[in-house]
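Enquirer: Residues per chain are reported as follows:
There are 4 protein chains.
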Amino acid sequence: MTTDIPTPKAPAPDIVRCAYLELVVTDLQKSREFYVDLLGLVVTEETENEIYLRTFEEFIHHNLVLRQGPVPAVAALAYRVRSPEELDHAVAFYTELGCRVERRKEGFVRGIGDAVRVQDPLGFPIEYFYEVEHVERLTWRYDLQPSGALARLDHFNQVVPDVPRAAKHMVDLGFRVTEDIEDAEGTVYAAWMRRKPSVHDTAMTGGDGPRLHHVAFAAHEKHNILAICDKMGALRVSDRIERGPGRHGVSNAFYLYILDPDGHRVEIYTQDYWTGDPDNPLVTWDVHDNQRRDWWGNPVVPSWYTDASAVLDLDGDPVPLVERTDAKEMEVTVGADGFSYTRKGDVEHGFKLGEQL
Amino acid sequence: MTTDIPTPKAPAPDIVRCAYLELVVTDLQKSREFYVDLLGLVVTEETENEIYLRTFEEFIHHNLVLRQGPVPAVAALAYRVRSPEELDHAVAFYTELGCRVERRKEGFVRGIGDAVRVQDPLGFPIEYFYEVEHVERLTWRYDLQPSGALARLDHFNQVVPDVPRAAKHMVDLGFRVTEDIEDAEGTVYAAWMRRKPSVHDTAMTGGDGPRLHHVAFAAHEKHNILAICDKMGALRVSDRIERGPGRHGVSNAFYLYILDPDGHRVEIYTQDYWTGDPDNPLVTWDVHDNQRRDWWGNPVVPSWYTDASAVLDLDGDPVPLVERTDAKEMEVTVGADGFSYTRKGDVEHGFKLGEQL
Amino acid sequence: MTTDIPTPKAPAPDIVRCAYLELVVTDLQKSREFYVDLLGLVVTEETENEIYLRTFEEFIHHNLVLRQGPVPAVAALAYRVRSPEELDHAVAFYTELGCRVERRKEGFVRGIGDAVRVQDPLGFPIEYFYEVEHVERLTWRYDLQPSGALARLDHFNQVVPDVPRAAKHMVDLGFRVTEDIEDAEGTVYAAWMRRKPSVHDTAMTGGDGPRLHHVAFAAHEKHNILAICDKMGALRVSDRIERGPGRHGVSNAFYLYILDPDGHRVEIYTQDYWTGDPDNPLVTWDVHDNQRRDWWGNPVVPSWYTDASAVLDLDGDPVPLVERTDAKEMEVTVGADGFSYTRKGDVEHGFKLGEQL
Amino acid sequence: MTTDIPTPKAPAPDIVRCAYLELVVTDLQKSREFYVDLLGLVVTEETENEIYLRTFEEFIHHNLVLRQGPVPAVAALAYRVRSPEELDHAVAFYTELGCRVERRKEGFVRGIGDAVRVQDPLGFPIEYFYEVEHVERLTWRYDLQPSGALARLDHFNQVVPDVPRAAKHMVDLGFRVTEDIEDAEGTVYAAWMRRKPSVHDTAMTGGDGPRLHHVAFAAHEKHNILAICDKMGALRVSDRIERGPGRHGVSNAFYLYILDPDGHRVEIYTQDYWTGDPDNPLVTWDVHDNQRRDWWGNPVVPSWYTDASAVLDLDGDPVPLVERTDAKEMEVTVGADGFSYTRKGDVEHGFKLGEQL
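Chains A, B, C and D are the protein sequences, given in the same order.
Anchor point for the first sequence: position 283 equals 283 in UniProt numbering, and the numbering is continuous, going up by one each time.
Anchor point for the second sequence: position 355 equals 355 in UniProt numbering, and the numbering is continuous, going up by one each time.
Anchor point for the third sequence: position 287 equals 287 in UniProt numbering, and the numbering is continuous, going up by one each time.
Anchor point for the fourth sequence: position 338 equals 338 in UniProt numbering, and the numbering is continuous, going up by one each time.
What the hints contain is simulated information worked out from the structure, not anything from laboratory work.
Please note: incorrect hints may appear among the correct ones.
When chains are identical, the list treats them as one kind, so a pair holds in a single copy or across two.
What the hints assert, rightly or not - Derived pair list, reagent style SDA-like, types lysine to any residue, alpha-carbon separation capped at 25 Å:
1. K30 / W304
2. K9 / S83
3. K168 / G40
4. K105 / D14
5. K328 / D286
6. K344 / T325
7. K30 / P146
8. K105 / S303
9. K168 / L321
10. K105 / D277
11. K344 / G174
12. K9 / V91
13. K168 / N49
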């Protein structure tokens, strides 16, 4: 049994929103084809080893950094804070927790100034920053926007072995839990948590961790997401559509999961709901409710439960995994031991794919 | 080896379009909930044992008849012909083929006048009619249309053991083949054929037959189809979503397959293409092309290949099945013996669901 | 009073559909920016003086030809016929009417073979052809399709001084009238007529003629049309949006009217309805019904009533105009003498723009 | 010249978001038809004289109250605050400003507990509350949602004679200005300001005031808004569509303005952008830019500039109007003295409607 992460006495940094992801890719050109040619992200700046990308409604320098490297991994999950002073809070908060903390006045990547990176108690490389270069916001530039235009970075999704332990730490950091998946015994399989008033800035998904499950970009309408699927078919990369499109139960958003050339998972997401009221109710889903992950009851593919991206420590080395010991969502819902239901009280084994499993 | 159906010397009836389906259901009230409350079809008329339904852009009396009966089955696939005289052509055409032919001046169902029913050489109960009651076309009645409004009956899809034999007969009847699925050895797995200038009025799908694979209604936009999925989730009948939503390769239409309370399959369909030019090119798909059935490469569920509705003869008795002896699409593409590819030349076993199969 | 155009004894050519428009433009480069860069039409072929364009679901060589010339005009409205022999019918039909007829085995434009051009009794340059070069149908090429992708050529709309006279001639030519606008006195202001089973292949709009009111391309969904508006805003050419977007009363289609650099009017159009049944009912609208032209009651701008493109005779000279002597729709519905109503029985002067007029 | 409203020393109440509008209507049954039958708002509760309504993603008791009364007017613009204690801040803040302040532990309307109402320095009746009854959030209830489903209350829009004076006061109250419309001389015609991280919770529009210009509800997608237009056509109330649908320049949202039976203006709105970053840039538009109000350059109808709803003081009496003395947007952009441009540098008089004006 793991012990709880203590709550620091130092105040948490005031986080505005999830802001960018730094991703290590093994073939920068292939990744460029995926993120720029296929998904239509806009190149703010590029060097021999890095590409800085943004969506059409981002007005800071980037919300995705691709960096050439030896193995696919996540180098940083970056949050924007409310003022420059919040970086001091971040330093104090994590120092008190005994975490490794590094601060660079000139930033860790281009476009960003003073920044703090930590390896947080869950093992993830987290960055906090306020100073950032502004660039043209392409909101009104419909002449540049493709049929599958991406508007914003919406959230991260992290894999951790112990979801309640991770969620408790995130609440200490100032997040609020908006939805979760549980079973009758109290096992928590996943939890969604937010700073901005949407369903999440990040989620904690149960599994061997720390790993990144996915990064999600928001589109405006459902047809934008369908257009990405159609384009992937036309480019004959439909085998990189992993799951969806569909409607989530959790979050109520319309979604699609696709895989980049290194297997990093990207979600395209639209239309979750307002959570900004102080008494926004927590929505809890039963892990056996077959509409929790897909409102239309379409099956979650096994890879979606098992695969995720390694994360790096501040030296750039992959962080070793801790195994999940709690019950696993895939096992309790799919296959020989699992069941899920469409209507509470019904029992349906191997839902919809039954005979294949 | 079955022998070819001869080409009659009598001219074929001039068919305008597929017009309505008569369906036997075992619980009329449950079926009403599905077709009226859930799908939003409009009731033109109903009796104790029958419900006459139509879509919002149909101006004849009905395009779906539900009739209470002892076993789920299809009582008639009805086509509208260009003039009253075409019924004489239908009689002569099928009489020459040795088929049982029945003509009723007063029609076989309400709303329809003079009509001919035959059990065609493929075993299906087919109706031809011209005379029909006109009703209010609800095209402009947006006050009545739900978010998933259905506009038109689009097509039938029939299961037959020998696709080329069936297709040849349909061509004799005046249909044109628009697309098909074949393999390198020349086996034909399915063929689409049309009278109206869309991809099809009906299709022939290889399998034990005669059976009806599905009936399809057209919606205007993709979001209308997604709205039906969302509604089925809200009503907790998502287990009746069998396949999709998705984009077809064949036809290029956006689709959804759902199952009514008796297991009759209904497709909701939108946005195929114009085929009305006299030299409209036949589009042939390789059975191993994993985008032929779903452009996004999402797997076809086994039930979609195996299940279909029995059809009745003119006495109302189920027509016995003839087994398919040619290779079966499911077997050559899914599971232990099958393979399909995203990019020609690649070999991928048990595509996307691999580890589960 | 003009006399009726006689009905030829010769059979009319069997027309499949409206197929392409040849347009004379005064600055080919500017027109290319409009049709290719802005609207996204695909260039099949281009020469110094001509550009051959097509939409994404056209499989013949082109459905729009731009030709550099001294004055903006329409050189041909082209229809595809059902077989090569139909050209003989076209020659006989128009010869009997005393029209000038020209036939060229090698075609009048690239991509087309044997073709007949006539100056029809209404004064329009009409082409008939069967032989045509096939090109790649880009239906499935979602990698090439912009957010405002155009799928098909849908219809022409012609301005004529005497609508019933023109409609009668078109019926002789094999067209069926699907909708019209009339007043209580029997004046006909416009009529829609079709060969293919949509609301129209062409329409006759009352005004000084012969002129072309517009050519219309079909998109799949309403958001595709909105995307064109958004792009025109981004390119700062919103002053070329003449009318709409909106929902038509007539045809029930969603529409947008924009103006090319020479003032040729282009409609983008989606989702009219099936008219292919032999007894498809004629829909008649009252000219004073303010929802006939825009279902939402938004005002028709005056230029839409008054402006149209000159047409050329077979020598390439502009055809002189004949003045409309019947009542004019703009005058009876807008401004000092006009009125229109939202609800029959109400009288509303200068509807919605009242105080400005 | 009016004097500035002083900045109180007392801290402003911490406002979460605009939360509900209380509207006085003269025929409750007619208003019910408009808001419930036409727009599809959900009735939480109703009495003989009041109807409490909410959108599908609202989880508090209501976001619109209709109250029967003698003259059409606005009784309260209500904001939700972050905690019960913020009501004390509201009392202190407005007391210091010399405003009339009223507090009721039991609330002013059903469903709300402890609340403070003030007549603010701009003359508007403003309510602050925290305590509120929770009701079922209908987010997932797709079985109840019509094609034009409304998701959230998005914003208010207020008419004030002196926009900079009003904006300064709102900034004192903790709002941030996101966009405005100015001219080269520095006249400010309108300003948008927010608490939640969207473009606005309210806007100040220049004109004789205090009046309410409109209340806006958010839909998810553009087609939802078009569905409302289509339905208004079908119900023959298209004359209550005042302006749009269209794309705003300011806010980049897709919009529609309609009028309720009393002439209260309702906007339906979707897809503005994230403004929650602390350094979110102010976007300023030139009043002569013809795309500022409608990105597609469609004309703003005069009534949209001139008409607005009276507001009531805390005794329920209409607040007298103060005339705007600054230049008026309608006059500087439309008609004899006005001009606007599509491309900076061009001069276009009476844009698009020129000849009519």
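Enquirer: All the hints need checking, so say for each whether the structure fits it.
Expert: The hints, checked one at a time:
{"no.": "1", "hint": "K30 / W304", "verdict": "within (22 Å within a copy, 36 Å between copies)"}
{"no.": "2", "hint": "K9 / S83", "verdict": "both (20 Å within a copy, 23 Å between copies)"}
{"no.": "3", "hint": "K168 / G40", "verdict": "neither (37 Å within a copy, 40 Å between copies)"}
{"no.": "4", "hint": "K105 / D14", "verdict": "within (19 Å within a copy, 33 Å between copies)"}
{"no.": "5", "hint": "K328 / D286", "verdict": "within (14 Å within a copy, 39 Å between copies)"}
{"no.": "6", "hint": "K344 / T325", "verdict": "neither (27 Å within a copy, 42 Å between copies)"}
{"no.": "7", "hint": "K30 / P146", "verdict": "both (20 Å within a copy, 23 Å between copies)"}
{"no.": "8", "hint": "K105 / S303", "verdict": "neither (40 Å within a copy, 55 Å between copies)"}
{"no.": "9", "hint": "K168 / L321", "verdict": "within (20 Å within a copy, 54 Å between copies)"}
{"no.": "10", "hint": "K105 / D277", "verdict": "between (35 Å within a copy, 21 Å between copies)"}
{"no.": "11", "hint": "K344 / G174", "verdict": "neither (35 Å within a copy, 47 Å between copies)"}
{"no.": "12", "hint": "K9 / V91", "verdict": "within (13 Å within a copy, 33 Å between copies)"}
{"no.": "13", "hint": "K168 / N49", "verdict": "neither (37 Å within a copy, 48 Å between copies)"}
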